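Read top to bottom, the protein sequences are chains Y and C. Residue numbers for the first sequence follow our numbering, so the first one is 1 and each next one is one higher. Residue numbers for the second sequence follow our numbering, so the first one is 1 and each next one is one higher.
Just so you know, these hints were derived from the structure itself, not from any lab. In this text, all values refer to a predicted model and were calculated from it rather than measured experimentally. We put the CB at the ideal spot given by N, CA and C, even for glycine. Please note that the accuracy of each hint is not assured.
What the hints assert, rightly or not - Over the 10 Å line for every Cβ pair with chain C, so calculated as not near, a few chain Y residues:
#: 1; residue: Lys-43
#: 2; residue: Phe-58
#: 3; residue: Pro-59
#: 4; residue: Pro-61
#: 5; residue: Ala-77
#: 6; residue: Asp-89
#: 7; residue: Pro-115
#: 8; residue: Gln-124
#: 9; residue: Pro-125
#: 10; residue: Gly-136
#: 11; residue: Asn-139
#: 12; residue: Glu-140
#: 13; residue: Asn-161
#: 14; residue: Thr-191
#: 15; residue: Pro-217
Stated by the list, open to error - Within a straight-line C-alpha distance of at most 27 Å, the following computed DSS-like cross-link-like pairs (lysine-lysine) qualify:
#: 16; chain 1: Y; residue 1: Lys-88; chain 2: Y; residue 2: Lys-204
#: 17; chain 1: Y; residue 1: Lys-204; chain 2: Y; residue 2: Lys-256
#: 18; chain 1: Y; residue 1: Lys-256; chain 2: C; residue 2: Lys-204
#: 19; chain 1: C; residue 1: Lys-204; chain 2: Y; residue 2: Lys-204
There are 2 protein chains.
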Amino acid sequence: MNLAPYSNWKHTLYKQNHLGNIRVVLSHTSHPGNIGAAARAMKTMGLQHLYLINPRHFPDPQALAMAAGADDLLQNAHVCSTIDEALKDVVLTVGMTARLRDISNEVLTPRDAMPQVVRQAIMQPVALLFGTEMSGLTNEEVSRAQMLVNIPADPEFSSLNLAAAVQVISYELAIAIQGDQPVIQPLSPATHQQVEGYMGHLEKTLHEIGFFTTQNPARMMQRLRRLYARTRLEADEINILRGILSVTTEYNARLKSRYLQEQQKDV
Amino acid sequence: MNLAPYSNWKHTLYKQNHLGNIRVVLSHTSHPGNIGAAARAMKTMGLQHLYLINPRHFPDPQALAMAAGADDLLQNAHVCSTIDEALKDVVLTVGMTARLRDISNEVLTPRDAMPQVVRQAIMQPVALLFGTEMSGLTNEEVSRAQMLVNIPADPEFSSLNLAAAVQVISYELAIAIQGDQPVIQPLSPATHQQVEGYMGHLEKTLHEIGFFTTQNPARMMQRLRRLYARTRLEADEINILRGILSVTTEYNARLKSRYLQEQQKDV
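The shape of chain Y in the complex, shown without the other chains (with noise of 0.2 Å):
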């Protein structure tokens, strides 16, 4: 981490245990210069980790024009392929959206979000999920948010550009730093790759029970991933519902078996 001497030590202190935590996520971004332009955005806001989830051009030299500066963000950027890649040992991720009609998700203003993205980031890392630019996040990826962000704007016009938002949003983030109290943190919430273990572990034990049956199963799961995003699951939450599935499968497996053994018996 590059730190230089600071006036004083609780802004040394801020960067090295808050920001340090956080990092952009931008995904499937179109144009290189909005990739430059995001990455000259963060660090005016002491942010450094860039991820960046299958861009267009990337590196590119627009990129590189375009962040002034914020050069040593674009090349320890981090180029992943899929968003569980990006979001690998995070436990907040919240997504950036402008839209707010078809989202049944509660949907909170910068200002109300970022003071809690900062409680959590003082712990264990947190990410900042921005979407492509023509379209912003796919339902996949707002399905792997557990809280959702839309920066007010004139309803008239409100497509802000990409790096425009990174900027909004990361200063707003720097504000709820420094006025940012040590508060008890009473979760220890589970990582990305835990979260999707059970989501994996729920589908498949659905499909088995015959769940599927007369249910939409993509549809299903987004209801329930919803659900369980809002909740934010601690490690251990996820230990007790995952028992719980083994427990449900290995009692129908049992069953299952019983019943055939008596077929075969008539047979």
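Put chain C on the given structure of chain Y with help from the hints.
Relative to the frame of chain Y, chain C by itself:
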């Protein structure tokens, strides 16, 4: 003024009375792309009036490209040859400054300043004055301002892009006008009875599938209650979760009854 029908009077009013009196003044801008990006940033927050003091290139196709739909602001932009022309009729000029050292005026944060700007703009014209990209406001320009504002940034890398600065200031202005209310509250939480119905159903099912043979039921139900309390279940979600429980046990019950029928046949 271009006023579209808004969904609520509050927004129309704010646009007419407050934002109509606010002008963004860009002084000696070097890159036309920045003018376009600034216009876009303004328009996302409902600002309309752009003043340009001696822009190096304007009009320019790059400005139009970066405006991305805020063309009307560019078309209506007032191109001025002196700062006094740009500040005509203005009663409050707010100068944006990146430097703090050599300025003896009081410098406010955007959050402190923008409510004052809004109060003034209810009645009379206000200017938000941005200097040139490389060196910011000149001393002469600073001397025309009654208020100076600095966007907090990392002291190591504090130079925001011009359009990014316009975005942050316009955003703070819009928040100051609208108040920072969460945009939507889409949750329709389940009633106490619905939640208790689910918790009872869950406990019964866990008994049935044998989950409690290795777990303390009371302690485990306490943990599960805590998990679902955090998520604040919706009525729809309770239907889904109870559906899963029903399928789990129905499946078992179906197998059991067939199994029992088979046994009876055997007898």
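Here is how each hint holds up against the structure:
1. Lys-43: violated (5 Å)
2. Phe-58: Non-interface label stands for Phe-58 (chain Y): nearest chain C Cβ at 19 Å, farther than 10 Å.
3. Pro-59: holds (20 Å)
4. Pro-61: holds (16 Å)
5. Ala-77: Non-interface label stands for Ala-77 (chain Y): nearest chain C Cβ at 16 Å, farther than 10 Å.
6. Asp-89: holds (22 Å)
7. Pro-115: holds (12 Å)
8. Gln-124: With a cut-off of 10 Å, Gln-124 (chain Y) remains clear of chain C, as the shortest Cβ separation is near 17 Å.
9. Pro-125: The claim holds: Pro-125 (chain Y) sits with its nearest Cβ about 20 Å from chain C, beyond 10 Å.
10. Gly-136: holds (14 Å)
11. Asn-139: holds (16 Å)
12. Glu-140: holds (19 Å)
13. Asn-161: violated (6 Å)
14. Thr-191: Holds, since 17 Å exceeds 10 Å.
15. Pro-217: Answer for Pro-217 (chain Y): holds, closest chain C Cβ roughly 12 Å.
16. Y:Lys-88 - Y:Lys-204: Roughly 22 Å separates the two Cα atoms, so the pair holds.
17. Y:Lys-204 - Y:Lys-256: Given that 27 Å is the threshold and the Cα spacing comes to 17 Å, the pair holds.
18. Y:Lys-256 - C:Lys-204: holds (21 Å)
19. C:Lys-204 - Y:Lys-204: holds (23 Å)
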